[in-house]
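Q: The residues making up each chain are set out below.
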Amino acid sequence: MSLVTDTGRWLLDGAHWTGPDGVPARLTEHLVLSGASVLVAAALALPLAFWLGHIGRGGFVVVGLANASRAVPTFAVLIILVATPVGFGDRATVVALVLFAIPAILTNAYTGVRDVDRDARAAAEGMGMSGLQVLRRVEAPLALPLVLAGLRTASVQVIATATLAAYVGGGGLGRFIADGFGRADPAMTAAGGVLVAALALLTEVVLGAVQRRATPGPRGRRPAVAVGVPAAQV
Amino acid sequence: MLLLADRSGPVLAQDEFPNPWVSVDYVRDNADAILAATRQHVTLTLVSVTLGLVLAVPLALLARRFRRLETPVVGFTGVLYTIPSLALFAVLAPVTGLTATTVVIGLTAYTLLVLVRNLLAGLDGVSEDVREAARGMGVGPVRMLLRVELPLALPTVLAGLRIATVSTVALVTVGVVVGHGGLGQLIFSGFNNNLYRAEIFTATAACVLLALAADALLLGLERLVTPWARR
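Residue numbers (this note's numbering), protein chains in the order written: chain A, 5 to 238; chain B, 230 to 460.
Please note that the accuracy of each hint is not assured.
[Claimed, not checked] Quick list of the computed label-pair ranges, beta carbon to beta carbon:
1. Pro287/B x Asp121/A: 37 to 43 angstroms
2. Val210/A x Arg452/B: 51 to 57 angstroms
3. Arg297/B x Met133/A: 46 to 52 angstroms
4. Asp254/B x Pro28/A: 44 to 50 angstroms
5. Arg452/B x Ala127/A: 42 to 48 angstroms
6. Leu31/A x Trp457/B: 49 to 55 angstroms
7. Glu299/B x Ala202/A: 23 to 29 angstroms
8. Gly93/A x Asp254/B: 28 to 34 angstroms
9. Leu453/B x Ala218/A: 18 to 24 angstroms
10. Asp123/A x Glu357/B: 41 to 47 angstroms
[Unchecked claim] According to the in silico footprint, chain A covers these stretches of chain B (three or more CB under 8 angstroms from chain A):
11. 257-269
12. 350-364
13. 389-398
None of these hints come from the bench; they were simulated from the model.
All residues carry an ideal CB built from backbone N, CA and C; glycine is no exception.
My request is simple: use the sequences and hints to build the entire structure.
A: Next up, the structure:
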């Protein structure tokens, strides 16, 4: 079990926690890359999802997109992007991450708005609310649990996928895995794996807690479960 | 370099050294390599999904027999699913080496969430009346499972199997980090080969087609074995 001790020793070595190649720097890169991608994906997907859910159309396209995205390997899209004018590094990674974060956010927000109780919608319209008011003051709040579920699913997926950035010359925690394999340094490889896995699990737990707090209703209730199956974790 | 050298001339470098996305020549000249990579891709997928099913069935039955185990079992498969495959390969590789085994262990782990969840949902969906009727006809617990419950759960189970298979086909490509990524090997070799677009695109297209073909095949199987579900 010397690998376990070696990995532990690598993680506890102070030299690995400083400088531009240190864990904090790589973790920051990873989080910035992931955060930016989720924000861009949300900015693109949420308005579209709200609009489609509000008019109650396009479900076929939304679900089809989610299913189709599962068949396309993220790794392949990343490499294809590098071979286009997008080029190497973080830019290709962000584009790929955004593309693969959209389906989860879109499907969940769309389903949330579409499935708002018909009576609640009718009551709001009866009070003289305009379409936009109904969306803003009735549908969006009622859809919140699913919107958050979609954002959580997308975030965990993006954190996982951002690891691939290292293979196209980008930063992030994936560097430890890529460099570890490159230098045949098992302790470094495994340490990178442990860090990425821990970050993904932590994100899941923290965002689950955020989701629970933001969801009205009795305390201790489970947060809404995202609809559909998230795209596989890269 | 090439681009700079050609700046003066009227012809762009891209034209003199074309790097098209689609190239019949590439496919013809590399048919053997493409076939070998596809074969590896299919094998890794088949082995992983089969192993996943073999593990998921007892896990689901256990969770159903002892309801207290349901939360830990489903939770465990959820944790496995949350761990990024690249991270899992990185932790496994120092132990299991740069082998197909590493890839299979990781991919099998990922199929469990969907398979267990859909097995449970399918079995839970069997109506109590149906069970009651079967019991009244003298059907024992084993026959109940094999002849009544599993057939009725089949559409849900197969839906899960389709999702698991399609995801696995896409995920095999990540196996490239341990040298066993099926068509992912070609994608990455195209990347290392000065961004050889034909190689990258051909392998990607083959990968997507493989996923779609697997999906269609399982959909056909579903129709075949559940004729009562047809409208």
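Q: Does each hint hold? Answer for all of them.
A: To see whether the hints hold, each was checked on the structure:
For Pro287/B paired with Asp121/A, a C-beta distance near 41 angstroms keeps the hint of 37 to 43 angstroms intact. The beta-carbon spacing between Val210/A and Arg452/B, approximately 43 angstroms, falls outside the hinted interval of 51 to 57 angstroms. Between Arg297/B and Met133/A, the C-beta spacing of about 48 angstroms keeps the proposed range 46 to 52 angstroms intact. Between Asp254/B and Pro28/A the C-beta distance comes to about 49 angstroms, which sits within the given range of 44 to 50 angstroms.
For Arg452/B and Ala127/A, the Cβ-Cβ distance of about 44 angstroms falls inside the hinted range of 42 to 48 angstroms, so the restraint holds. The hint said 49 to 55 angstroms for the Cβ distance between Leu31/A and Trp457/B, and at roughly 54 angstroms that hint holds. Evaluation of the 23 to 29 angstroms hint for Glu299/B and Ala202/A yields a pass: the beta carbon distance comes to about 26 angstroms. A hinted range of 28 to 34 angstroms for the beta carbons of Gly93/A and Asp254/B is consistent with their spacing of about 31 angstroms.
Checked against the given bound of 18 to 24 angstroms, the beta carbons of Leu453/B and Ala218/A, roughly 46 angstroms apart, lie outside it. Hint check: Asp123/A to Glu357/B, Cβ distance near 31 angstroms, so the stated range 41 to 47 angstroms is violated. With a threshold of 8 angstroms between beta carbons, the proposed coverage of the segment 257-269 of chain B by chain A is violated, since 0 of its residues qualify and at least three are required. Counting residues of the segment 350-364 of chain B whose C-beta sits closer than 8 angstroms to any C-beta of chain A gives 0, which falls short of three, so the coverage hint is violated.
A stretch counts as covered by a chain when three or more of its residues have a beta carbon under 8 angstroms from one of that chain; for the segment 389-398 of chain B and chain A the count is 5, and the coverage holds.
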